[in-house]
Amino acid sequence: RMSGDGPESVGVAHINEHGKVEFGGCLHCSWSEAKGRILTATRTWKEGEEILVEHPLHIVVEDEKCAAFKLLKKLCKEHDEHFDYEPLWYWCAIQSLTSEQLKGAKGCSGASLEVQRNLLLLHHEEVDEPSKAANMIVKEIAPNADPITVERLIQIWVLNCFEYSDKPQGYSTYFFSSFMSHSCCPNAVWHYTGKDHVLRCRRDISVGDEVCISYLPENGLLQSTPNRRMELHETKRFWCNCERCLPDHDDLSRGLVCPKPKCKKGVVFAKTPAAGPAKDNTLLPVHLTGSTCSECSEAMTRPEAIKLAALEKKLQELVDEYTESDKDPAQRKLELDETFVDEHFCQHVLADLFFEQLSTAYGSKKQYGKQRCLLERRCAFHKAAYPGLSGAHAWACEALGDCHRALSAAQNPNGKKASFAEAQRCYREALEVLRLMFGPD
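For reference, each letter of the sequence shown is one residue, going 314 to 754 in this note's numbering.
For the record, the hints were derived by calculation from the structure and aren't laboratory data. Since this is a predicted model, take the numbers as computed values, not measurements. Among the hints, a few may not be true.
Using 20 angstroms as the maximum straight-line C-alpha spacing, the simulated DMTMM-like pairs for lysine to aspartate or glutamate come out as follows [said to hold, decoys possible]:
hint, residue 1, residue 2
1, 575, 531
2, 549, 531
3, 348, 321
4, 508, 522
5, 626, 593
6, 573, 531
7, 480, 399
8, 577, 617
9, 333, 531
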């Protein structure tokens, strides 16, 4: 599993020395030909245990009073054809230059040589030539800097930063934990304690296991495989091939009711797509062709797969309609749309997203019984579709607890007591998950 230090330029020896000094060598960095630098465990952890706490490597925030930042915003606005990102991304790169590189720049504090060295070790795409934005930044703001270095720093921040603050907006980077790979079934999860990045064990970890986090938000882990892979490609520029994205496996977030006339009750799961690049995140008929029903065991024909994919497209349009509308849907429409979903979908992420919108609509109408049923189905989907601790599931449990509390207020004493007990159960389940993932506080 550990395939050596790799090229000297990737800094594995330096990363491991840092890990020994800061974290007692609990994780070992090595070079993998398939994935680049990875971190593996040198000890065991149980679910919920803290792995490490890391201070920020560098923090950069907007500075509206700074002349250089004002000039940067002006450049971004006047040359938007060259500046693909928001000004803060470029500002992070500028503030990662050293004082020597920032000679001539007005109002920039920059970074130390050691901080910049560590920043330049973080993941980024190879840079052969600077972008026009990097050249312009050097010409107008930091004339003593190398455009290639500026371009590298831009890419490093785009691919490795975390949100630090809202007002003023700021980003932060972390060194050691930036070398953790992504998995759609991660065994670790991070959260903040103040400025610090806290890493916790999400699934039991053994010595030699690669330690992975999710680059997706919690609800993103429940998405269909085509959507997860496209999101990762668009934001992190790689095509995921983790255990949940391996081709030709059941996609547990894409279950539909078997369309066979003699069945109509089994579940048909789409297959995960082929490895490598995809054109887009479309839920294609090819993912369903040949998939078998859990009840009748018959395979889906090409025409049946086309009809099922068309139903998925229709449900996506329905989810978009409810999400974008600011009007309160009529009762009849709610019931008809729910009937459509019940007829065709079972354990499907789009049904979950639809039920989220529908439960909100029923809640606004104080129809808490209907809302409770939908929230129960959401909780059941999360458990079935995703293996292990899920923040999305915990938050759905909290919503279900709130619904039980609302129900108790309108019931007789016996019903009130039962609903209140159910609310407490839901809150306990949510709290147990959240404490394991994000700590006792």
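Hints, verified against the model:
Between residue 575 and residue 531, the direct Cα distance comes to roughly 38 angstroms. Violation of the 20 angstroms bound is thereby established for this hinted pair. About 16 angstroms separates the Cα atoms of residue 549 and residue 531, which keeps this hinted pair within 20 angstroms; it holds. Between residue 348 and residue 321 the alpha-carbon distance is near 16 angstroms, which keeps this suggested pair within the 20 angstroms criterion. Only pairs whose Cα atoms come within 20 angstroms are accepted, and residue 508 paired with residue 522 is rejected, the gap being roughly 28 angstroms.
Of the supplied pair hints, the one linking residue 626 and residue 593 holds, its CA atoms being roughly 14 angstroms apart against a limit of 20 angstroms. Note on residue 573 and residue 531: the hinted pairing is violated, with a Cα-Cα distance of about 34 angstroms set against a maximum of 20 angstroms. Straight-line distance between C-alpha atoms of residue 480 and residue 399 comes to about 16 angstroms, which keeps the hinted pair within the 20 angstroms bound. Only pairs whose Cα atoms come within 20 angstroms are accepted, and residue 577 paired with residue 617 is accepted, the gap being roughly 13 angstroms.
Our distance criterion of 20 angstroms between C-alpha atoms is broken by residue 333 and residue 531, whose separation comes to about 31 angstroms.
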